[in-house]
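Protein chains: 2
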Amino acid sequence: MYDTTPDGREGWLTLLPREVFATYGVDRVNSGRAGSDVGAINAVRLGHAPASALPALNRYSSESAWVAFRWGPRYGEAYPGTQFPIAAAERYYRQTITTYRDPDETAKNVAAEIVLLDETGPTTLLVWSSAAPLGFLTAAARPAAVKAIVAIEPAGFGYAMVPDDALPALSRVPLLIVMGDHAAPETAAAREFARRLGAHGGAVTVDALPEAGITGNGHTLMLERNNREILARILAWLRRTLYP
Amino acid sequence: MYDTTPDGREGWLTLLPREVFATYGVDRVNSGRAGSDVGAINAVRLGHAPASALPALNRYSSESAWVAFRWGPRYGEAYPGTQFPIAAAERYYRQTITTYRDPDETAKNVAAEIVLLDETGPTTLLVWSSAAPLGFLTAAARPAAVKAIVAIEPAGFGYAMVPDDALPALSRVPLLIVMGDHAAPETAAAREFARRLGAHGGAVTVDALPEAGITGNGHTLMLERNNREILARILAWLRRTLYP
Chain X
-14 MYDTTPDGRE
-4 GWLTLLPREV
6 FATYGVDRVN
16 SGRAGSDVGA
26 INAVRLGHAP
36 ASALPALNRY
46 SSESAWVAFR
56 WGPRYGEAYP
66 GTQFPIAAAE
76 RYYRQTITTY
86 RDPDETAKNV
96 AAEIVLLDET
106 GPTTLLVWSS
116 AAPLGFLTAA
126 ARPAAVKAIV
136 AIEPAGFGYA
146 MVPDDALPAL
156 SRVPLLIVMG
166 DHAAPETAAA
176 REFARRLGAH
186 GGAVTVDALP
196 EAGITGNGHT
206 LMLERNNREI
216 LARILAWLRR
226 TLYP
Chain A
-14 MYDTTPDGRE
-4 GWLTLLPREV
6 FATYGVDRVN
16 SGRAGSDVGA
26 INAVRLGHAP
36 ASALPALNRY
46 SSESAWVAFR
56 WGPRYGEAYP
66 GTQFPIAAAE
76 RYYRQTITTY
86 RDPDETAKNV
96 AAEIVLLDET
106 GPTTLLVWSS
116 AAPLGFLTAA
126 ARPAAVKAIV
136 AIEPAGFGYA
146 MVPDDALPAL
156 SRVPLLIVMG
166 DHAAPETAAA
176 REFARRLGAH
186 GGAVTVDALP
196 EAGITGNGHT
206 LMLERNNREI
216 LARILAWLRR
226 TLYP
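Protein chains in written order, with the working numbering: chain X, -14 to 229; chain A, -14 to 229.
Note that these hints are calculated values from the structure, not bench results. Mixed in with the good hints, there may be bad ones.
[Unchecked claim] Across the chosen pairs, the derived CB separations fall in these ranges:
#1 A:N43 - X:M146: 29 to 35 Å
#2 A:A34 - X:L227: 47 to 53 Å
#3 X:H33 - A:A96: 31 to 37 Å
#4 A:S47 - X:A169: 48 to 54 Å
#5 A:S47 - X:R79: 29 to 35 Å
#6 X:P2 - A:A188: 37 to 43 Å
#7 X:D12 - A:H33: 27 to 33 Å
#8 A:A96 - X:Y60: 22 to 28 Å
#9 A:A25 - X:P65: 34 to 40 Å
#10 A:N43 - X:R79: 19 to 25 Å
[What the hints assert, rightly or not] Here are the simulated SDA-like cross-link-like pairs (lysine to any residue), alpha carbons at most 25 Å apart as the crow flies:
#11 X:K93 - A:A74
#12 X:K93 - A:N43
#13 A:K132 - A:T91
#14 A:K93 - X:V23
#15 X:K132 - X:Y228
#16 A:K93 - X:A50
#17 X:K93 - A:R30
#18 X:K93 - A:A73
#19 A:K93 - X:R30
#20 A:K93 - X:S46
#21 X:K93 - A:V23
#22 A:K93 - A:M(-14)
#23 A:K93 - X:Y78
#24 A:K93 - X:Y85
#25 X:K93 - A:Y45
#26 X:K93 - A:R76
#27 A:K93 - X:Y45
#28 X:K93 - A:Y85
#29 X:K93 - A:N27
#30 A:K93 - X:A19
#31 A:K93 - X:N43
#32 X:K93 - A:R79
#33 X:K93 - X:L(-2)
#34 X:K93 - A:A19
#35 X:K132 - X:V100
#36 A:K93 - X:D(-12)
#37 A:K132 - A:P229
#38 X:K132 - X:A97
#39 X:K93 - A:M(-14)
#40 X:K93 - A:D(-8)
We put the CB at the ideal spot given by N, CA and C, even for glycine.
Build out the structure end to end from the sequences listed, making use of the hints.
Written out as structure tokens, the structure is:
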């Protein structure tokens, strides 16, 4: 998501170091270059476990990604003014990876992220979609090690993964939530989460891009046409928040 | 394998661009950031296919990697003078990824590499271990698009994957095979392959590092302590071969 964009422009993974941020591209547990646990799959193949023991594996199909990521209302049809580089959609599909989606993956990811934080020292977490709750739970476990969270288009289901008893710790960490276009329900869910954190003194900014006149962004805004413009907004928030 | 080394030194993926080579880090089909085909796995999970339809998935265990990659004679014991950064072994394990190992993966990889070659134009292929035969078969299919092949520690079984009728085309591509220490049988297999290609006029260099006085390297030499020294030897061969 953060490497070179499907249409060949520079992604945030290299744009961020140009802004003098030391940057780690982190693949979550059991995905991409973090490798994957093949034990359960091989156990079933060898007849040592039933098929129901196979992990839940997710990879978006071309058709479902198009709609779920809000490039357009149905596969093959783009929203007018979409910021997604539609002509490069096939290249985007090649960049997608498999994720393990069983509930116990959450704990594995938070544990791994905490180990990484212990090595890097305090940092800003930039998380996207279903990784957003992983960032929230990590920050709740180590609020002193997380300077801020930038959550790009958090998955709506992720807010319910943050229990009430995690809110006091999480509320100590400044949080920016960036939402694209055609996302009224998801933006409402982000604002509801902001209210939950605000009740504990949390400082949450929900940046709904269309309200700032930036239209046409979908779920994949870090690689859409205006990705530099959006990154500039995020950096302005970070500088204002961390180095006022 | 080519990113930052387990002990935090620079890997070939960034050292090569410093030598002014445009460099692509290619994850093979169904591994790492290339994503993976979850169709067969999910079909079994949903009861649409038998367990025997699951793909063959490989990931080295800590114990098997230690010995198979020739860091030492048995797990936990290093060869005297090993070049592998033994203290960082745990970090290495975190860098390993799953590969699909069914026979039909070979054809998928060659097809994908050909598509990439058609986009990049003529290039040098640098391949390692079980990826070496994929490079050989790709070059045999597109000899004019491959300037040279640098094969790092090819898997011994890979030579038999190159059929005799591929040798005339492959012999048109200069080939360097680099072998580490404690690899007498594998080095003999490399030389036998060189003889097969030589019969068709192929120019193959087998660089057995111990014969050049460079000892202690295992199977993972691109990230071992002397990885810059070995890269310099490869670059010298490339410059001599491609730009004499």
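Handout entry: Non-conforming hints, listed in increasing numerical order
Key = none
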